[in-house]
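K.L.:
In order, the protein sequences belong to chains W and U.
Just so we're aligned: the first sequence equals residues 1 to 196 in my numbering.
Just so we're aligned: the second sequence equals residues 1 to 180 in my numbering.
Think of the hints as simulated: they come from the structure by calculation, not from any bench.
Some clues are possibly wrong.
[Claimed, not checked] These stretches of chain W come out as covered by chain U in the derived footprint (C-beta under 8 Å, 3 or more residues): (1) 42-54; (2) 62-76; (3) 83-90; (4) 177-186.
[What the hints assert, rightly or not] From the derived model, a few chain U residues whose C-beta atoms are all more than 12 Å from chain W: (5) GLN23; (6) TRP70; (7) GLY174.
Because the structure is a prediction, the values reported are computed rather than measured.
All residues carry an ideal CB built from backbone N, CA and C; glycine is no exception.
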Amino acid sequence: MSKANLLDRRQVVSALLADRKDVVAIGGLGASTNDITAAGDHARNFYLWGGMGGAAMIGLGLALAQPKLPVLVITGDGEMLMGMGSLATIGLQKPSNLSIAVLDNEVYGETGGQTSHTSAAADLVGIARACGIADSRAISTMAEVEAFAKAVHDLSAGPRFANVKIGSASVERILPSRDGTYIVNRIRGDLGFQPI
Amino acid sequence: MHARADASDTALNWPDDIFATLQRFDVRQVPYVPDAGHSKLIQRVLASSTMRGIPLTTEEEGVALLAGAWTGGQRGVLLMQSSGVGNCVNMLSLIPMLRFPFLTLVTMRGEWGEFNPWQVPMGSTTQDVFELSGIKVLRASNATEVPAVLEAAAAQVYNALTPTAVLLSQRLIGAKVFTK
Numbered sequence: 001m002s003k004a005n006l007l008d009r010r011q012v013v014s015a016l017l018a019d020r021k022d023v024v025a026i027g028g029l030g031a032s033t034n035d036i037t038a039a040g041d042h043a044r045n046f047y048l049w050g051g052m053g054g055a056a057m058i059g060l061g062l063a064l065a066q067p068k069l070p071v072l073v074i075t076g077d078g079e080m081l082m083g084m085g086s087l088a089t090i091g092l093q094k095p096s097n098l099s100i101a102v103l104d105n106e107v108y109g110e111t112g113g114q115t116s117h118t119s120a121a122a123d124l125v126g127i128a129r130a131c132g133i134a135d136s137r138a139i140s141t142m143a144e145v146e147a148f149a150k151a152v153h154d155l156s157a158g159p160r161f162a163n164v165k166i167g168s169a170s171v172e173r174i175l176p177s178r179d180g181t182y183i184v185n186r187i188r189g190d191l192g193f194q195p196i
Numbered sequence: 001m002h003a004r005a006d007a008s009d010t011a012l013n014w015p016d017d018i019f020a021t022l023q024r025f026d027v028r029q030v031p032y033v034p035d036a037g038h039s040k041l042i043q044r045v046l047a048s049s050t051m052r053g054i055p056l057t058t059e060e061e062g063v064a065l066l067a068g069a070w071t072g073g074q075r076g077v078l079l080m081q082s083s084g085v086g087n088c089v090n091m092l093s094l095i096p097m098l099r100f101p102f103l104t105l106v107t108m109r110g111e112w113g114e115f116n117p118w119q120v121p122m123g124s125t126t127q128d129v130f131e132l133s134g135i136k137v138l139r140a141s142n143a144t145e146v147p148a149v150l151e152a153a154a155a156q157v158y159n160a161l162t163p164t165a166v167l168l169s170q171r172l173i174g175a176k177v178f179t180k
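Work out the full structure: start from the sequences and follow the hints.
P.N.:
So, in structure tokens, the structure goes:
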């Protein structure tokens, strides 16, 4: 895999959220959730610090509850691999307002950079497509990122999946809130729900 | 196929009692890994115009789904068999972290006339796994107990954010008889 032209993760996430309007964004644990924070803290950001493998399913539950809102899951290859079955669960439900973007640096970044399965074995785009998510894209240019970012807002044409090859260099951590109850209630409040 | 259950006229209606309770509490998302003991309830959910049945590839997906559902304003319930409980353990940590209402209905294996030894380990540890995970355990052992237990469980989950697992005894659902 050529390292020369890999995209910069912060640039990718910034583009995905640039004109986010009413998007609810879910960040899988690890660097992805820091990238979302770096793009700007927002009442509709769901920062995960645990539950590895669960990001896409949290996205599905939210998307089904709020069919008129675009829901965007941004996560890493390791986190997506742990929840690989959820691609079939999502492919079966076909929520048209759900988008999943995997930032694929082919390593487990938080734990010392060990090689992940996507470097030499697993093709997440092929997996997503074979699980019933017809719009599954391999992305390697910023133009493709921007096109995907725009498509996120089309509530009728999802679900959609993108695997974005990014460089494996670590970037400065920008840490979001670790308080899960704050995170959930902030989103619920922004959607008009009261606490119990 | 199902025998070793207490025979009774009311015995066959308990899934309908569960469905009625879920409906009353405005449950909308019902993730499940299909289980024979839940088949009638699953049928009612799939035929419902208010609830959405969501088949999972593994039970832990349902825990994360319910967290997302609540964040988006909807209540849900996870249906599974005791063998699926172990698959959920790390994902159960979302419950104290996010404080979403968590209700699960678990059909029990490995505890009453079981023929399959592979069901016994998880059936035997289900209650402890839930309690170690901070989830309260209630049990319905016969059909007449089901309405009250479901009502209590749903009330404490949705009104008090008390995570609760209802164990539906193998004696209630009936043990499968593949061999005598």
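K.L.:
If you check each hint against the structure, which ones fail?
P.N.:
Number 6 - this is the single hint that the structure violates.
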